[in-house]
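Trainee: Quick note, the sequences are listed as chains A and B, same order. The number in our numbering is simply the position in the first sequence, starting from 1, with 101 added. The number in our numbering is simply the position in the second sequence, starting from 1, with 101 added.
No lab work stands behind these hints: they were computed from the structure. Watch out, some of these pointers could steer you wrong.
In this list, chains with the same sequence are indistinguishable; a pair is considered to hold if it fits within one copy or across any two.
In silico DSSO-like cross-links for lysine-lysine, where the CA-CA straight-line distance does not exceed 30 Å [claimed, not checked]:
#1 K282 to K155
#2 K402 to K146
#3 K433 to K145
#4 K145 to K352
#5 K146 to K107
#6 K433 to K146
#7 K163 to K402
#8 K155 to K402
Just so we're clear, the structure is a prediction, and the values are computed from it rather than from any experiment.
There are 2 protein chains.
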Amino acid sequence: MAKGAKLADVAQAAGVSQGTASNAFNRPGLVRPEVRARIEAAAKKLGYAGPDPKGRLLRGGKVNAIGVVVSERLTDFFDDPYNRAFMSGITQVCDERGAGVSLISAADARGVDWGIESAVVDGFVLQCVEDGSRLIDLARRRRLPFVAIDMDAGPDMSTIEIDHRQGARLAAEHLVGLGHKRFGIVALELIYDNRTGLVSRERRLATEEGVTRERFLGYDDAFRAAGLSIDAMTVVEATNDTETGRAVVAKMFDAAPEITAVLAMSDVLALAAAAVAQERGRQIPRDLSIVGFDDVPEAAKAQPPLTSVHQPIVEKGRRAAHLIFDRGEPRKELLPVSLVVRGSTALPRR
Amino acid sequence: MAKGAKLADVAQAAGVSQGTASNAFNRPGLVRPEVRARIEAAAKKLGYAGPDPKGRLLRGGKVNAIGVVVSERLTDFFDDPYNRAFMSGITQVCDERGAGVSLISAADARGVDWGIESAVVDGFVLQCVEDGSRLIDLARRRRLPFVAIDMDAGPDMSTIEIDHRQGARLAAEHLVGLGHKRFGIVALELIYDNRTGLVSRERRLATEEGVTRERFLGYDDAFRAAGLSIDAMTVVEATNDTETGRAVVAKMFDAAPEITAVLAMSDVLALAAAAVAQERGRQIPRDLSIVGFDDVPEAAKAQPPLTSVHQPIVEKGRRAAHLIFDRGEPRKELLPVSLVVRGSTALPRR
DNA sequence: CTGTTAGCGCCTTCAG
DNA sequence: CTGAAGGCGCTAACAG
Chain A
102 MAKGAKLADV AQAAGVSQGT ASNAFNRPGL VRPEVRARIE AAAKKLGYAG PDPKGRLLRG
162 GKVNAIGVVV SERLTDFFDD PYNRAFMSGI TQVCDERGAG VSLISAADAR GVDWGIESAV
222 VDGFVLQCVE DGSRLIDLAR RRRLPFVAID MDAGPDMSTI EIDHRQGARL AAEHLVGLGH
282 KRFGIVALEL IYDNRTGLVS RERRLATEEG VTRERFLGYD DAFRAAGLSI DAMTVVEATN
342 DTETGRAVVA KMFDAAPEIT AVLAMSDVLA LAAAAVAQER GRQIPRDLSI VGFDDVPEAA
402 KAQPPLTSVH QPIVEKGRRA AHLIFDRGEP RKELLPVSLV VRGSTALPRR
Chain B
102 MAKGAKLADV AQAAGVSQGT ASNAFNRPGL VRPEVRARIE AAAKKLGYAG PDPKGRLLRG
162 GKVNAIGVVV SERLTDFFDD PYNRAFMSGI TQVCDERGAG VSLISAADAR GVDWGIESAV
222 VDGFVLQCVE DGSRLIDLAR RRRLPFVAID MDAGPDMSTI EIDHRQGARL AAEHLVGLGH
282 KRFGIVALEL IYDNRTGLVS RERRLATEEG VTRERFLGYD DAFRAAGLSI DAMTVVEATN
342 DTETGRAVVA KMFDAAPEIT AVLAMSDVLA LAAAAVAQER GRQIPRDLSI VGFDDVPEAA
402 KAQPPLTSVH QPIVEKGRRA AHLIFDRGEP RKELLPVSLV VRGSTALPRR
């Protein structure tokens, strides 16, 4: 039970040098069996159970774990099916390589003892909707490899992204093609000032968040091509959770009962919209068409199944993890999106 | 960009001693502003962004992260709503304390470079359905605090558990009280030999897994009190996932179409049973009553809402995390269970 | 095979 | 306030 049996103690007790003791544990083949037995006996007697990773770490080894930085609180992180799918990709490659993953929340940065600055990991995956550039700075300072997801980390930094604008355009084109003209748009955060609900034209034009902005542009691309204008549409803003989604969608329906189609920037929000619409007695897709974004697993299982912009979420996670583990040159990857048409969209009722 | 700017380099460049440089970063108050400015300038020039956690770690600090050991592959872990709820509890207290959590998979232990033996964490939470005792051994060897969930880790070790037998008894009593006599039991693994499907009496009696055994006992308590016998019931075994659940439940219905009530050892399995039953045209609860176990969030949202044995999953996670961070005496905690009656149970059809 | 030794990067007494 | 020195536990390189 002696608190501090260390390798040196074991070596001494066994009458060998520290180096030999080290070998006995790390390269058993290199040490004569009888000596090894002596060392093991000494170790057992001292209650020593092998080299302490901390020492080994300092000496220069890899941690063998990847840090995933998320902007929300850890508690909320796994509520989002997108995040689950993304983590699934990361953990797939961690599983393959016998590595671990450490979760690092960047929410509430004051007084944290475990953050980008101090996490013991081999690299970071920055999966942050908010405050991205600050975190990128921090990560860069750590001088550990990192990859930013859906965020430009600047030159010489790895990035994995999808073409948000294109995805949004596909979604809007689909609905426009069906003949819809009056749209509601359920957007992700435009600006990180904790406001949600109906969005004025000014606010929309002031959108700071890159992903949201790109998607607006994509919707607008399709609108313009059809002679419509995004200015005429009803836009609401929400954080990506069901509760907020339901609240803002309710406001949207109240403000614009005439809309026949909803473009949501995530499936979570799309499904919230569907639920609210159904509760209000609107049948989908007969009375209202809805297109989501992400194509999370839940989309296909919904009732009716949700038409959505598919993005390879799991693959994003896999690529990110590989980029960390395989320390190559920094690179930018752009993954493809596509529209998956399911049962939540149809011709407008008339 | 020099790869190895260390504290000593900064100190030298700034013309101060290493100790002072250290203070400049860790206790800025202790060093004269002008000196500190010089140090910071030197640091910036050398591209040094503060003390490396690895060094600090070795010196004796906390990692500020908790290791969660799971027996499945990480990839599958978050598919299980029970696990999500449990992690939610753990991450709540991590969020509160600005700490992190590291996921450690104990599946596939060969050739892993990141496991109980080597993870850099302050303590472990052992949330393992399988292979518990081996992992407990490993954890004990690390000499880090750890707490075992639903598993006895032996004297002097912390444990958090619920009364599985009591929970199971409540579930069975409820159905027995409604008048059911012919039961199907969907059990979690009895023995870790990768077998699933119909379970013979011999195999049931050979159950190795503690939780499963306790729950069998609980069911049987209720049966016996009503003059029934578990020997007369149809038992199937599954891993805790929807796919396997559906498969074994199908076998159960084929083998015993006469059952009027299903006792499932998890909500995931219960919901799988409900789905299969409904696909076969059996209405719940009219044609079949089902009781789950765990009371995961999905249970209440199911159609019909699932009657289930509630256990405080999130609280289990919270307690576990506290036990690690607050290094107290080892303790055994037994958390309460209760039956939540919802819409999936009713009188037998005739 | 085995022993010696020099760090890995940092923090913290302990004197000044 | 500042500087010097020891050690945290381990590994790898090198010399026997």
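Trainee: If a hint holds in the structure, say so; if it does not, say that too.
Mentor: The hints, checked one at a time:
no.	hint	result
1	K282 to K155	neither (62 Å within a copy, 59 Å between copies)
2	K402 to K146	neither (58 Å within a copy, 55 Å between copies)
3	K433 to K145	between (51 Å within a copy, 28 Å between copies)
4	K145 to K352	neither (68 Å within a copy, 50 Å between copies)
5	K146 to K107	within (12 Å within a copy, 38 Å between copies)
6	K433 to K146	between (54 Å within a copy, 28 Å between copies)
7	K163 to K402	neither (41 Å within a copy, 44 Å between copies)
8	K155 to K402	neither (46 Å within a copy, 46 Å between copies)
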